[in-house]
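K.L.:
The listed protein sequences derive, respectively, from chains A and B. Following the numbering used here, the residues of the first sequence are numbered contiguously, the last one being 110. Following the numbering used here, the residues of the second sequence are numbered contiguously, the last one being 1114.
These aren't lab readings, by the way, just hints derived from the structure by calculation. Take these hints with a grain of salt, some might be off.
[Said to hold, decoys possible] Cβ-to-Cβ under 10 Å is the rule here; a few derived chain A residues that face chain B:
no. : residue
1   : Val4
2   : Lys40
3   : Lys41
4   : Phe100
Even glycine gets a Cβ: it sits at the ideal position worked out from N, Cα and C.
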Amino acid sequence: EDKVVQSPLSLVVHEGDTVTLNCSYEVTNFRSLLWYKQEKKAPTFLFMLTSSGIEKKSGRLSSILDKKELFSILNITATQTGDSAVYLCAVEAGTYKYIFGTGTRLKVLA
Amino acid sequence: ETGVTQTPRHLVMGMTNKKSLKCEQHLGHNAMYWYKQSAKKPLELMFVYSLEERVENNSVPSRFSPECPNSSHLFLHLHTLQPEDSALYLCASSQMDKSNYGYTFGSGTRLTVV
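With the rest of the complex left out, here is chain B:
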């Protein structure tokens, strides 16, 4: 266990469904991130929250909607996804004033869109 917990571990959803991914960190970090990892592609940064303020990657489709209710929790709300959205979604956290160790990653949610 890394200190960053993601649920669910696996998710299969239809293109018309609405679901949410959850991330929780117990490290006292002040920044949280969503990354998408597709096969044979680099990790793609989707969203960043620092001190609960969002820094957004503009290329992320609106069918992905993040929410950060507090510094320990991060959600990714999903609706009307496409099959190409199937990927591993990784949450990470960091302490922004100490970049010595980069991120701490969660174990990810393996999402399959059918």
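Isolated chain A (complex conformation):
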């Protein structure tokens, strides 16, 4: 059965800290891995990764995929209170088929 596992489930840090969120997967037909940020309701797209070892970067956020070990990490440096959200990892495992993890809830304290 295809599955996506995120860790940790929740995390509390202070502003300025660096955090690393993990996403591991087991799917039979991997196409891509996506990261989303969900602050209140609508998840918003962060990154899509298809190739191993190529870092995607956007400001203080970066992500990389390891297709050999079947995981991805999302790094956030110099965290701010506005980074507080649930971070969702999803794997595209076929047409129409996106498998989501349960998410990591990040809280950044001022």
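Based on the hints, put chain B in the right spot on chain A.
P.N.:
Frame of chain A, contents of chain B only:
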């Protein structure tokens, strides 16, 4: 605003009621989705419409009935729901020939069944 609009934002309904959730996308996408998000669970795909053809998740109870009258609109008709159906229902859209950005999600409808 993401380009995917869901109404209503909140809905409280009794178990004998019939209601509908509405989703509209203004992105020119050709696929639309309903997801259910319950506390501490992964998003669960409920229904997919691609070019107005339905691809259904067989584990969805028949008390949930989708309708896609055109490529911009998607409905989820609800009847005789159970309290465990209380959740956030998210609509999403995508362009099936370009998976570069995955989905665009709406803000969801928070459904409470009493």
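K.L.:
Could you run down the list of hints and mark each one as holding or not?
P.N.:
To see whether the hints hold, each was checked on the structure:
1. Because the beta carbon of valine 4 (chain A) sits about 7 Å from the nearest beta carbon in chain B, less than 10 Å, this interface hint is met.
2. Against a cut-off of 10 Å between C-beta atoms, the interface hint on lysine 40 (chain A) holds, since the closest Cβ of chain B lies about 8 Å away.
3. Look at lysine 41 (chain A): its Cβ gets to within about 4 Å of chain B, closer than 10 Å, so that hint holds up.
4. Taken as an interface hint, phenylalanine 100 (chain A) checks out: its beta carbon lies about 4 Å from the nearest beta carbon of chain B, inside 10 Å.
Against the hints set out earlier in the document, no violation occurs for any number.
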